Structure formats: structure tokens, C-alpha cells
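Read top to bottom, the protein sequences are chains P and Y. Read in my numbering, the first sequence has 196 at position 196, and its numbers run on one by one without any break. Heads up: take any position in the second sequence, counting from 1, add 316, and you land on my numbering.
Just so you know, the hints here were simulated from the structure itself, not pulled from any lab data. Note that this is a predicted model, so its numbers are computed, not measured. Where hints are given, some of them may not hold.
[Said to hold, decoys possible] A partial selection of chain P residues facing chain Y, derived with a Cβ cut-off under 10 Å:
id	residue
1	82
2	281
3	286
Positions of the beta carbon are idealized from the N, C-alpha and C atoms, including for glycine.
Each chain, letter by letter, is given below.
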Amino acid sequence: MKITEHHITDEKNYLNRRSFIKKSAKFGAGLALFNSASSLAEGVEGGGWSDKITTTSYGKDLTPHSFKEISNYNNFYEFGTGKRDPAKNAHTLKPNPWHVKISGECSKQGNYDLEDFIAPYQLEERIYRLRCVEAWSMVIPWVGVSLAEMLKTFQPTSKAKYVVFKTLLDKVQMPGQKRPILNWPYTEGLTIAEAMNPLSFLAVGLYGKVLPNQNGAPMRLVVPWKYGFKSIKSIVSIHFQETMPLNTWQEQASNEYGFYANVNPNVDHPRWSQARERVIGRGSFFKPEKRKTEIFNGYGDEVAHLYAGLDLRKNF
Amino acid sequence: MSIVWQKPLLFVLLLSPFLALVFDAFSGNLIDPIEEITNPTGQWAMRFLLLSLLVSPLNKILPFSIVKYRRMIGVFSFFYASLHLSIYLIDQTFEWQMVLEDITKRPYVTIGFSAFVLLFLLTITSTNKMMRRLGRRWKKLHKLIYLIVILVMVHFYWQAKSDMDIEPLIYSFIALLLLSFRFIPFLKKKYFKKASA
Numbered sequence: 001m002k003i004t005e006h007h008i009t010d011e012k013n014y015l016n017r018r019s020f021i022k023k024s025a026k027f028g029a030g031l032a033l034f035n036s037a038s039s040l041a042e043g044v045e046g047g048g049w050s051d052k053i054t055t056t057s058y059g060k061d062l063t064p065h066s067f068k069e070i071s072n073y074n075n076f077y078e079f080g081t082g083k084r085d086p087a088k089n090a091h092t093l094k095p096n097p098w099h100v101k102i103s104g105e106c107s108k109q110g111n112y113d114l115e116d117f118i119a120p121y122q123l124e125e126r127i128y129r130l131r132c133v134e135a136w137s138m139v140i141p142w143v144g145v146s147l148a149e150m151l152k153t154f155q156p157t158s159k160a161k162y163v164v165f166k167t168l169l170d171k172v173q174m175p176g177q178k179r180p181i182l183n184w185p186y187t188e189g190l191t192i193a194e195a196m197n198p199l200s201f202l203a204v205g206l207y208g209k210v211l212p213n214q215n216g217a218p219m220r221l222v223v224p225w226k227y228g229f230k231s232i233k234s235i236v237s238i239h240f241q242e243t244m245p246l247n248t249w250q251e252q253a254s255n256e257y258g259f260y261a262n263v264n265p266n267v268d269h270p271r272w273s274q275a276r277e278r279v280i281g282r283g284s285f286f287k288p289e290k291r292k293t294e295i296f297n298g299y300g301d302e303v304a305h306l307y308a309g310l311d312l313r314k315n316f
Numbered sequence: 317m318s319i320v321w322q323k324p325l326l327f328v329l330l331l332s333p334f335l336a337l338v339f340d341a342f343s344g345n346l347i348d349p350i351e352e353i354t355n356p357t358g359q360w361a362m363r364f365l366l367l368s369l370l371v372s373p374l375n376k377i378l379p380f381s382i383v384k385y386r387r388m389i390g391v392f393s394f395f396y397a398s399l400h401l402s403i404y405l406i407d408q409t410f411e412w413q414m415v416l417e418d419i420t421k422r423p424y425v426t427i428g429f430s431a432f433v434l435l436f437l438l439t440i441t442s443t444n445k446m447m448r449r450l451g452r453r454w455k456k457l458h459k460l461i462y463l464i465v466i467l468v469m470v471h472f473y474w475q476a477k478s479d480m481d482i483e484p485l486i487y488s489f490i491a492l493l494l495l496s497f498r499f500i501p502f503l504k505k506k507y508f509k510k511a512s513a
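Same shape as in the complex, but just chain Y (with noise of 0.2 Å):
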């Protein structure tokens, strides 16, 4: 396949989840669309923010260079943690008093909306533009996705009834993997350099 068809493709791949719900949408399928669109599109946000931590792993032991594929990934998690948000305003029938008193009373909230503008702050800066006015900085930035995902872990959790709900153990242990995959490297290098000091 021509290297031309890709991006697009994974741009389908990535807004097939968004078309599904639009036509569930429209099809009446939906008892209560708030619900069944708001779990949908925070569940999507955290696959792709996942899938992007992915890349640079499975770029690692691939032939070829996936990396270029990254930033598509990570603008489409906000794309759909943008669509979850929107519903929940919706569902807070924009009365921007209750929003409020929701992040600042509820921590589940709390944390939630911060994930999204840091996640809003990545993606701003996702730029070829910004990366190259940013420098340096650019990469120190964009590891914010490492507390983003954490973020996000701990409002999938904190929002589930039981402790013991199978979803958020199961994208927890991948959260914790895919940052393993970084920080063990990380944590060795650092005792390496000590020891050798």
C-alpha cells in the first residue's frame, strides 16, 4: 500500500468510534443518550491517549517508524475526551453555576478537567509550528501525557460504583505497563549514573 493512504486511513480508523455514535444517534437506538454517549467518548479518549503511549514502545522493536503516526492518535483522545465533555455540559444543561460547584466540590470531576486541559495544552502545542517555537521545552511539555494518564486512571476509578469494576483494573494495568516502559529505563539510567559516580 501506498505510505500516501495511511495517515488517512488511521484518520478513519481512529473517527470510526464517533461515527458509530452518530449513527446510534440517529437510529433512536439510545434510551439515554447522555449516558450512552458520555461513557463511549471518555472510554475512547483514554484507548487513544493509551494507544499513543503505545507508539514509541512498538516503535522500538518495529522495522519501521510508527512515530509519525502519534500525533494523530493523541489529537483524536482529545477530539473524544472534547465530545465527553460537551455532553456533560449538556447534561448540566449549561448552567455553568453547578458546573463549576462540580470541579470544585467533586474530586472525580476535579480530576477529570484537569486531564482535559493539560490534555487541551498538548494538543495546542501539537503543532509543527509550536514544536519548533517551543524547542527544548517542546519535549518536557509534552511529558505531561505521563500525569495526564494518571489523571485519567484515577477519574476512570473514582468514578466507577465498585471497587471491584473489571474496566478500570483492566485499562489500569495497561496504564501501569505502558508507563513502566518508561520509567524503568528511566529509574536504571539514574541508579547507573550513581553508581558509576
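Only chain P is shown next, with the shape it has when bound in the complex (with noise of 0.2 Å):
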């Protein structure tokens, strides 16, 4: 089944359902989201996924953006380099079946299939801010599993240094790859350690739907403290590795993307100002909502100490 418009859970109703998630959810903690290979695209409202789903405290005092904002304003360079190309362009990308291969450091290597990879975990809500590095931001309430609790399952061995994640490269799926604006696949790394953090998330899906297509179908990263463009969309490869990756960003354009691409106020992209964002969608024409940009994007209470005595303005 093809989720269409009607399928689209009003904002208002969704919000009011939160509630009712947070209820069930004491009863359907554990369950799994994907009980067959079509779970995945079907019963997406109603009987899919809200009972599946725990609410948690991530974000419960902000207000998302709506579905539209979300599904249509996209940075997603594989279907086009404008906003909107995204929403118009991703119906050509297949997200099911999907695999994910896990190599590298780590005792559980293989190709799993993406029911069988997300089936063990427990599925969350949380509302995380995203601060893009062209200085605007939205809040999107994701569902997803933690990061750390899934890559604890492969084993990684202590040289696993580093975790890359690749999206898939497919030049049929994702037309945008037919032009070399970026080394394809797209790549983004990790430390260790910001990927065991509890903050870091995989997202399968938003506002209690699988994720739509132009958002990183079927599966993507979500690492909130960082620019957008850490957050990968659409991994088919997740590789541990003991030696630091080069991201597609800092690939090229190295003098303004680096790895670490944490949100900070106080570095400057050489092109714009760092310090505030502009909040989608929010204020007038001629007064658009500005905010104050925040270290870490707000989250230093929980990734701060990863940085202990690092040189943010060198490690950008």
C-alpha cells in the first residue's frame, strides 16, 4: 500500500494521540515493528504502529512542525539540490525490501534484512531539534530505535574506532547520482563514542509513519547535536573502522564542513553567520521567527563531555 495524503495523521489529532501512545505504549513495549516483509509499508496508521511505539521525554516541551514542512523542505541532493526536489523526485527510490550490510570491526558481520534489523529494538518517539548549517532549523518528531542499543548487538571490537555509514548508490533510485555533484555514495561518519550516545537515533519513520521517501526511507541518522548533513539518509552500509572517516562534506569543501560538524554559534561557516537560524515556517513574511542558535544545538548536557579538550574552532 502507497501512503497517500489521506493516510497523514492530522497534526492536531496527532499531537492529541501522543497521550494515547504513551498509554498503550506500557502495554506494547517489545513488541516488534516489523512482523512480516510488509509490515513495513502497511497498516502504517490505526493498527501499525501507534501501539508499537514508546513516547519519551525527548523534546516533549517543543511543538513539531507540521508533515508538510517536514516532508517538503528536504536537503536530500540524490533526488535534486533544491528544497523541493525531494518531495518530487524520491517516488523512483524502492525502501522495501531493503538490507544493511554491517563489516568492519565487529564480531556480528553480514547482510541483514531491514525487518530483521530493527524487529529487536524497541521503538521511540522523540522530538529532537534539527539545525541545518544553512542556518535554518525545524522540530520533527521521529520514531525510530537508539543507535547504541543497536550496534551494541554487532560487537564491535576495540579497534572499532569509528562507525561510517554509506546510502545507497543506485543511479535508477536516486537520479540526482547521475551527476557528480558529490562522491557517491554519500558517507558520514562517526566516533564511537557520539554513536553510543543516547542521543543518537535511527529513524524509520515521523510523526508515528514510516518515513517518507524524500526523508531517508527506509532508514536514516539522526544525531541532533550536529548539522543536518551528519544525520545520513537512507544507509545501506553501517562499517566500524579504527581510523577517522573523510564525510562526502568535508570531502568537498573541506575549509567549510569538517567531521565533528557540530552545531556551535560561536564557528562560522566562511560563508554565514553561525549565530542564529531561521525557524521554518514560523513568524511573518516581512518578520521571519529567528532563534538563538545554541552550542551543541541545545543538547551539551548530554554530548558536552565528548569534547573535553577539544578545540571546537579547529575540530569544526
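From the two separate chains plus the hints, produce the assembled complex.
Below is the structure:
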């Protein structure tokens, strides 16, 4: 079944429903998300996910952006460089079936079906702020699993200092890859400590539904204290390694994008200030809402210790 | 078609991207008006700038004169450039300190702003009265358009996030072609003069 416009939960109902989810989660905890191959795309509404997702305290005070905003304003160059392009073009992506390859410094390497990959873990809803390196921001209610929980399963060895993620490489499914705009496939990396931080998240849905293709279906990374480009989409490979990887944007312009890419109002992008961010769709036409950008996007309590003693100006 | 209607028709054509943007803005189609108006207005300013440069080479091969339309195209380029700059100022919430910092610290803003100032200069000197007043100097002054085109291309190229972004490459190619129509004959003439001297 395809997800069409009428399946999209009205945000008001959605927000009301969250309290319902909270209650039912007590009973639904531990239930697997994907019982069969087709369940990923089917039964998204109603009896599909709602009783399998636990709400969390992450972002409980934030007001999420609308589904329309979240799913129509995307940077996903595999489907075009305009913000509207992914929503227009991402229908060519086939997120089901989907396989993820686990490789490198770990004891449980292999090729996994996405269903099997996600099934053992508790689905959580987390509302995170997303700060794009282009100085705009949104609030997104993700559904997914803890990255740390997931990675532990593969038993990384002591040599696993970094985790490297790769997006699908397929010119048919991702027509933007026909042009060498970036060095495809899109690659991102985290230190093992970053990946094991409780905030790190693998999202498979938003607003209680499976991820729209343009948001990185079927599975994407979400690391909310870093600029959005670190949160790699449509992941097909997770690799553990000893050396620091070069991520795609760093390779593209190392003077503008570093490995860490932590949100930091004090370190400007060479071409624009990072001191403030435009909150998408808020405020009026002549007075768009601006928010002071916070260090680590406001998640300093959870992650600042990861960078103790590191010169954030050099390691941007 | 009567000749009387040609200029108003051109006016409406040049204004239509603006009308489309106004429609989009009021219909609630825009998710982020700042970005979704900044980019198109900048692009239309650039397209009309290039179109104004196309007038004179095209005039040479057409059986009728189109030079009389050039001014309107150029003024419209300035109109869209003004909108482009205004949206940027709105995005900066008119905090002049930040604007000044951008202009002085960030090369692509510096370049874009310089192009705007020069284009403004050409726009205010585009009236018949100013043409008469400036006489021979007018033509010299308006040769700045070639510099403006180069600045605009650099601005466009520098704001792009990838060197392989196709649009700046396409527009730069067109700009190069239009500039070469001027400079190749100019260089030939210069070379020829030297050779015969």
C-alpha cells in the first residue's frame, strides 16, 4: 500500500494521540515493528505502529513542525539540489525490501533484512530539533531506535573507533547520482563514543508513520547536536573502523565542513554566520522568526563531555 | 501587431515572474518564503541581465531593431536584484551590524552587493535625461555592465554548495558566450590596428 495524502495524520490529532500512545505503550512495549516483510509499508495508520511506539521525554516541550513542512523542505541531493526536489522526485526510491550491510571491526558482520534489523528493538518516539548548516531549523517527531542499542548487538571490537554510514548508490533509484555533484555514495561518520551516546538515533518513521522517501526512507541517522548533513539518509551500510573517515561534505569542501560538524553559534561557516537560525514557517513574511543558535543545538548536557579538551574552532 | 503594444507586452512578460512569486506567497504554497523568494529573484535578476546582453548581438542579425527594449530589460534586472537584496535584509531582520559584517567579511556577499551597487548606478543613469547629460561618458559608464555580469557569475558560483552544481556552470557558459561576442571583435580590432600600424 502506498502512503497517500489522506493517510497523513492531522497534526492536532497526532498531538492528542500522543497521550494515547503513552498509555498503550505500556502494553505494547517490546513488540516488534515488522512482523512480516509487508508490514513496513502497510498498516501504518491505526493498528500499525501506534501501539508499538513508546513516547520518550525527548522534546516533550517542543512543538513539532507540520508533516507538510517536514516532508516538503529537504536537502537530499540524490533527488535534486532544490528543497522541493526530493518530495517531487523521491518516488523512484524503493525502500522495501531493504538490506543493511554490517562490516568491519565487529564480531557480527553480515547482510541484514531491514525488518530483522529493526525488529529486536523498542520503537521510540523522540522529538528533536534539527539545525541545518544553512542556518534554518525545524522540530521533528521521529520514530526509531537507539543507535547505541543497535550497534552493541554487532559487538564492535576494541579497534572500532569510528562508525561509517553509507547511503544507497543507485542511479536509477536516486537519479541525482547521475551527476557528480558530490562523491557518491553519500558517506558520514561518527566516533564510537558519539554513536554510543543515548541521543544518537536511527529513525524509520516520523509523525508515527514510516519515513517518507524524501526524508531518508527506510532508515536514517539522527544526531540532533550536529548539523543536519551528518544525519545521513537511506542507509545501506554500517562499517566499524579504526581510522577517522572522510565524510562527503568534508571531501567536497574541507574548509567549510569538518568531521564533527557540531552545531556551534561561535564558529561561523565561512560564507555565513551561524549565530542565529531561521525557524521554518514561523513568524510573518516581513519578520521571520529567528532563534539564537545554541551550542550543540541545546543538547550540551548530553554531549558536551564528548568534546572535553577538543578545540571546537579547529575541530568544527 | 501595432508597435504601441510591444513595450507594454514586454513589461508584462518581465513582470510575470514577480506576479507568480506574489501568487505563491499569498496562496500559502511556500514553506520557507525567505529561501523560496531569495533564490528565484536572484535568478531572474541574473537572467534578465544576460537577456539585456543578448540584445545587441541579436540586433545585428535581426532585420528589425530591438535596441529600444534593452533599457526595460536592464531596469527589470535591477528590480529583481532589489527584491533579492530586500529578502536578504528581511532574513537578517534588518540588523545592520550583521549585514555590514556579511558585506565586509563574506566574499560572495561582498561581490553580490558590489554588483547591486553598480547596477543601481546604471539604473539611475538610464533615463534619457541622464543619457543627454552624460554624453559620451554615458557609454563608457554603461560598459560596467560587463563587470557586473562577471561579479554576478562569481556570486552565483560562490553561493553554490558544490563545484559541480550544474546551474552556475550553464549560466557562466552563457555569460562567457555573450561577453565573447564583445571582446573577440574588440581584440581583433586592436590586433588588426597594431598589425597595420
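- Query: Any hints this thing doesn't respect? Which numbers, in order?
  - Reply: none
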